[in-house]
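**Q** Chain residues, written in single-letter form:
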Amino acid sequence: MDAMPKWADVVLIPLISLILAAILSALVILAIGESPTKALMLMIDGALGSTYGWGYTLYYATNFIFTGLAVSIAFHARMFNIGGEGQAMIGGLGVALVCLFIPWPHWSLALLGGTIAAALFGAAWAAIPAFLQAKRGSHIVITTIMFNFIAAALLNYLLIGALKPKGSMEPATGKFPEATHLPNMHEVLAPFGIEFSKAAPANISFFVAILACFAVWALIWRTKLGYEIRAFGHSESAAKYAGISPTKIIMVSMLISGGLAGMMAINNVQGEAERLVLNAVEGAGFIGIAVALMGRSHPFGVFLAAILFGFLYQGGAELALWTKIPREMIVVIQALVILFTGALDNMVRMPLERMFLAAKRRNKGAA
Amino acid sequence: MELLTILQVLDSTMRLATPLLLACLAGLYSERAGIFDIGLEGKMLAAAFLSAAVAYTTGSAWIGLLAGIAASLGLSAIHGLASITFRGNQLISGVAINFLAAGLTVVVSQSWFGQGGRTPQLAGSARFEPITLPFAEALRDIPVLGPIYYELISGHTALVYIALLLVPVTWWVLYSTRFGLRMRAVGENPAAVDTAGVSVVGLRYAAVIICGVLCGIAGAYLATALQAGFVKDMSAGRGYIALAALIFAKWRPWYALYACLLFGFLQALALRPDVIEGVLGFKVNGQLLDVLPYILTVIILAGFVGKAIPPRAGGEPYVKER
Chain A
764 MDAMPKWADV VLIPLISLIL AAILSALVIL AIGESPTKAL MLMIDGALGS
814 TYGWGYTLYY ATNFIFTGLA VSIAFHARMF NIGGEGQAMI GGLGVALVCL
864 FIPWPHWSLA LLGGTIAAAL FGAAWAAIPA FLQAKRGSHI VITTIMFNFI
914 AAALLNYLLI GALKPKGSME PATGKFPEAT HLPNMHEVLA PFGIEFSKAA
964 PANISFFVAI LACFAVWALI WRTKLGYEIR AFGHSESAAK YAGISPTKII
1014 MVSMLISGGL AGMMAINNVQ GEAERLVLNA VEGAGFIGIA VALMGRSHPF
1064 GVFLAAILFG FLYQGGAELA LWTKIPREMI VVIQALVILF TGALDNMVRM
1114 PLERMFLAAK RRNKGAA
Chain B
230 MELLTILQVL DSTMRLATPL LLACLAGLYS ERAGIFDIGL EGKMLAAAFL
280 SAAVAYTTGS AWIGLLAGIA ASLGLSAIHG LASITFRGNQ LISGVAINFL
330 AAGLTVVVSQ SWFGQGGRTP QLAGSARFEP ITLPFAEALR DIPVLGPIYY
380 ELISGHTALV YIALLLVPVT WWVLYSTRFG LRMRAVGENP AAVDTAGVSV
430 VGLRYAAVII CGVLCGIAGA YLATALQAGF VKDMSAGRGY IALAALIFAK
480 WRPWYALYAC LLFGFLQALA LRPDVIEGVL GFKVNGQLLD VLPYILTVII
530 LAGFVGKAIP PRAGGEPYVK ER
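Protein sequence lines, in the order shown, are assigned to chains A and B. Going by the working numbering, the first sequence opens with residue 764, and the numbers climb by one from there. Going by the working numbering, the second sequence opens with residue 230, and the numbers climb by one from there.
The hints are simulated quantities; they were obtained by calculation from the structure and are not laboratory data. Every value quoted in this text rests on a predicted model; they were computed, and no experiment measured them. Backbone N, C-alpha and C define an ideal beta-carbon position, used for all residues, glycine too. Honestly, I wouldn't trust all of these hints.
Cut-off 25 Å, straight-line C-alpha distance, at most; resulting in silico cross-link-like pairs (DMTMM-like, lysine to aspartate or glutamate) [stated by the list, open to error]:
1. K927/A to E797/A
2. K549/B to E1045/A
3. K961/A to E941/A
4. K1003/A to E991/A
5. K938/A to E1035/A
6. K938/A to E1037/A
7. K461/B to E933/A
8. K929/A to E941/A
9. K461/B to E797/A
10. K461/B to E1116/A
11. K549/B to E999/A
12. K536/B to D519/B
13. K549/B to D462/B
14. K898/A to E999/A
15. K1087/A to D462/B
16. K927/A to D519/B
17. K512/B to E933/A
18. K1011/A to E999/A
19. K927/A to E1037/A
20. K927/A to E941/A
21. K938/A to E950/A
22. K929/A to E1035/A
23. K512/B to E231/B
24. K479/B to E545/B
25. K1003/A to E545/B
26. K1087/A to E1045/A
27. K961/A to E950/A
28. K512/B to D240/B
29. K961/A to D808/A
30. K898/A to D423/B
31. K1087/A to D808/A
32. K536/B to E999/A
33. K898/A to E545/B
A short list of chain B residues far from chain A (calculated; beta carbon distances all over 12 Å) [unchecked claim]:
34. Q237
35. M243
36. L295
37. T314
38. Q319
39. A352
40. G353
Please model the complete structure; the sequences and the hints are all you need to start from.
**A** In structure tokens, the structure reads:
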């Protein structure tokens, strides 16, 4: 028998953790001499007050949906993929190569090609740590951290070398050709009579991200493979006894995870920058960890958490613009969310469980 | 190749290996007691900031060092609370600590000093000064040995010597004291330690506290000895390299020293491309030298060069009733 009803586990605990993180963040803002309520109003106005703000919020959210799903899938197989950052970087490399060297006739085909390339490159970057975990028992957390650094160095090397156009001083590839440019939210929504800001970076890959949410949901809860992944995550020995190959599950779930993280590149590289720059990922791979924890590794939860973090990101940029609160405040909030929803989960859970058990006993006594 | 050039590279190897060594030994205590710690990076960063800020305000590097240790201990306390008391996921807690430090150091230093997330330059007694060992000046002119003593062995800050001293101390504590035996046991088989009537929680907290103190020294060294002040993200992945060195050393103190010296040497070489070109006759990409520690660690982890087996109970919270 569970101590708590399901809704408490899925809604109440993340909510309380979020409130704790918010209270601590407010204290930090107070401590540096700013008003938390004014900061919140500014953030809401800046991130949600206009279609321009929404355009940024959704743009960031698209990144976080992909990386959040990536971390979630690995979580289901009880693996911690810290390498989303590196996988997204290498996904960007895939997008850049495909966009620069294949003459695409139309953006829709370029989007398809970019998506496939991003997923393949991201998956390939996750493949080596996955193989080492499955076959040699090397800890996936350590190897994926190492691969983040290796990815950054590799991109650095390519962007100041082979991929930099002649005569350019900047460490970046050339601009992608016109035909690969993705329609932005303004162009997507205009046929439906919805006015959307032209300047904001949100683009059609937001809808690809939503599709990815559905695909991941179907995979995890509606297919045999998803069942095997969850079974493996719950108990490796039981899964083995049931004839599920650990090597296969580790490899497959990490490949999907890396592929999803890589797919982020269609948003930030193909959709927004339209060329590959250094540090294009901007930490989104790590935010995926917070998003997955907050969303309880469920695609719908990931979607909501990604929108929340998109709001925080855009709101935080506004704060840095109008107040003395630097952008890094977002990193603090992100850390607190990871801390409370991830590491200190039991601190919130244990007293709640006790409360629910006590309430149950009281009900039984009355009946 | 001139002797002086070699000595210069080795000298900067020493200086760059010191923070790695301190953080690596910090991780050694924690992980030997069964607490994984990927938050070394964050603890170093927090310590670097607070030590520089306090050293600047008080004008004393030693008070700065204490403040740095305090900052690191604060984060250690969070890690202990999350991973020992509340039996949370140690890896996630470490990730949170790294981000907490990365964010808070900039937010606080911006509001404290208003210099875009850095502290003012430290000068004079706010920094650890190099110590000239006895007779270094007098012996300088003796061929070969003189310059080695003067350039390489003498002329480092106190923290470098402390770090070096900590290697035999750690070795002695780990293998020759009751505390060390129990600490190793708690990382391998906590249930056995518990049965013997020794507190698992107490031992693990002790290890996490030692880890915090050492990370604090490492961070203070970065900001008040290696450089003169705190800049944003100044730990620059050193916590992760220390973690890599720990695996490379297979969780043993003397090997930790060798691994850190090796990685420090790679960092020192990356700063001197002219030397590499002079020795090898061709250019080696600086990026490659920077990532070599990570690549070497992956190779070690893959088990191609001996197997790196972590403490058996590492990463798992201890539950009494099982």
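**Q** Under the criterion that the straight-line Cα-Cα distance not exceed 25 Å, is the pair K536/B, D519/B satisfied?
**A** holds (24 Å)
**Q** What's the verdict on K461/B and E797/A, does the C-alpha distance respect the 25 Å limit or exceed it?
**A** holds (22 Å)
**Q** Given the hinted pair K549/B and E999/A, is their Cα-Cα distance within 25 Å?
**A** holds (22 Å)
**Q** Within a Cα-Cα threshold of 25 Å, do K1011/A and E999/A meet the stated pairing?
**A** Given that 25 Å is the threshold and the Cα spacing comes to 12 Å, the pair holds.
**Q** Within 25 Å, alpha carbon to alpha carbon, are K961/A and E950/A?
**A** Satisfied, since the Cα-Cα distance of roughly 8 Å is no more than 25 Å.
**Q** Quickly compare the C-alpha distance for K898/A and E999/A to 25 Å and report which way the hint goes.
**A** The hint holds at about 15 Å.
**Q** Please check whether the beta-carbon of M243/B is more than 12 Å away from every beta-carbon in chain A.
**A** holds (23 Å)
**Q** Does E545/B lie within 25 Å of K1003/A when you go C-alpha to C-alpha?
**A** holds (21 Å)
**Q** Would the hint linking K929/A and E941/A be met if the CA-CA limit is 25 Å?
**A** Holds, because 20 Å separates the two Cα atoms, which is no more than 25 Å.
**Q** Take the C-alpha atoms of K938/A and E1037/A, compute the straight-line distance between them, and say whether it is at most 25 Å.
**A** holds (6 Å)
**Q** Below or equal to 25 Å on CA atoms is what counts here, so check K1087/A against E1045/A.
**A** holds (22 Å)
**Q** Is K938/A within 25 Å of E950/A, Cα to Cα?
**A** holds (21 Å)
In summary, the numbered hints that this structure violates are 1, 2, 10, 13, 30, 37, 38.
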